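Number of protein chains: 2
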Amino acid sequence: MPAFPQRAVIREVGLRDGLQSIRTIVPTERKFDWIRDAYAAGQREIEVGSFVPARLLPQLADTAELVAYAKTLPGLFVSVLVPNLKGAERAIETQADLMLVPLSASRAHSLANLRKTPEEVVAEVARMRAARDASGSRTMIEGGIGTAFGCTIQGRVDPADVLRYMQALLDAGADRVSIADTVGYAGPSAVRDLFEKARVIAGERFWCGHFHDTRGLALANVYAALETGVARFDATLAGIGGCPHAPGASGNASSEDLAFMLADMGIDTGIDIPALLNLRAKLARWLDGETLRGALALAGLPVTYESTAAIEA
Amino acid sequence: MPAFPQRAVIREVGLRDGLQSIRTIVPTERKFDWIRDAYAAGQREIEVGSFVPARLLPQLADTAELVAYAKTLPGLFVSVLVPNLKGAERAIETQADLMLVPLSASRAHSLANLRKTPEEVVAEVARMRAARDASGSRTMIEGGIGTAFGCTIQGRVDPADVLRYMQALLDAGADRVSIADTVGYAGPSAVRDLFEKARVIAGERFWCGHFHDTRGLALANVYAALETGVARFDATLAGIGGCPHAPGASGNASSEDLAFMLADMGIDTGIDIPALLNLRAKLARWLDGETLRGALALAGLPVTYESTAAIEA
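Residue numbers (my numbering), protein chains in the order written: chain A, -5 to 307; chain B, -5 to 307.
For the record, the hints were derived by calculation from the structure and aren't laboratory data.
This structure is a prediction, so every number in the text was calculated from the model and none was measured.
Take every hint as true, because none was put in to throw you off.
Simulated restraints on C-beta separations: (1) A:-3 to B:262: 26 to 32 Å; (2) A:152 to B:80: 55 to 61 Å; (3) B:-5 to A:152: 18 to 24 Å; (4) B:65 to A:111: 55 to 61 Å; (5) B:105 to A:272: 31 to 37 Å.
The beta carbon of each residue, even a glycine, is placed where N, CA and C say it ideally should be.
Please construct the entire structure, taking both the sequences and the accompanying hints into account.
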């Protein structure tokens, strides 16, 4: 049996992938609360927003302020999503630690969602890399390959395409690459197969999996990915969000359920789960009326649960 | 990486583990409909009820009639739960194909739920085996070890106890043994560890896993179990049921979500998922007002889904 990583990172993407799908505009002060509480609960990687035009996503218009705030918390690794060079320039300006550039392996989804072909995204990453290097910035570039397990518009997506785009992103200068099941089509065998091949191509530079729980398989998919050595996963508190461009898709992996599974497996995430559940209860008040997900908040921790998290609050 | 079984069985336990937790008494004719439709959708193993006193579980009072009906469907393997020798005698009488005898590895849960110590259950299995053999019956005996991953009353359950009871059940004459996460405490690493050890003890006689989705881990647990070679899983349509004696526990693995995961993994279950979803829609009408679970029924099948089931309807 394959060994599991000893440590894993849950990258909180609720402030971006979660809030962008929700009509409620959460005030910046509350987002500060979220970031502060997540940090206090032990989370050390947070995607705080997206550098897209405010008229497209008014929910995320305060991303620059959030980066600035998050950067004041020692040891917090702050990432943002950027769709293009203009966004990348803002990420560099704000000194985000990482900018995630989405590429959709489904050509149909890419055109519908990003208004670019995958090849055009690769070319944009090369321009971002040049801009980053010219500026002397240390902001890392992550190429995130979405619709990697199929697409609601195009249908099947060839794993060979995913791997080809991964190589192209690395060749264009991406420091890191990741794979996302944007529409919730992945099952654990497919994850194991694709992630194994991705590790061969990118080694440690393939560092993150992003799963949606649309068909209840997010945690099984994480388990399969862990067996391939990948040890970083996107998730959102209370499972909020999902891709607004893929009809029927809904629900990211829930951060608190994922934290519980990893803790139960003896994999250290540094997360204090009761503290994360307290933050979730606050989020439920902030997003009153929105659908929240996740099983742990309903069931509670087992009586046998023992926290092993070492929190530097 | 470990290989997966090529085929797996989803044993439908909704008529027993599901309906026993629900106040609504489903009329016998509708249970016939359920069994007939499940069979038509390709399910070939169904636990139709429990031989317990009708005053304790009036929902399951028609178990003998259900066995008789289910036995008319060619190739359907019909099981029942029996708590004691008296129940076993009825199972033998009705010619059920298998009787499942629950043993709780948590002594506290065993006393609270079964009013017997685990050792007393083992002794009862020996008496059942003697009665079965004396009658010339072919009804198989399965010892089902519950609270195998922890207990809401007792807390921790030592895996060594689970394995010791497994050996004792086999020594007492059980033909098969299985492991159940009665209260939803299992995580996939614990499953992998315990199931590997159980296979060493019982080989092919360890044949079934029973997982609750209380903390969202049922399907990850199935995946981990598949890696150990176990290829039979209890599940309930729409995830109904769970242990009524364990506070907070709720929700079996959902048959339709499990069928989808296995199909996606290329593991043949013989199940026609759209037909199973149709049956689920009927069940939703029969159980109007009850909480149903499962993600697939909400999200629908992916556009890429291709049925590979060969149905002999």
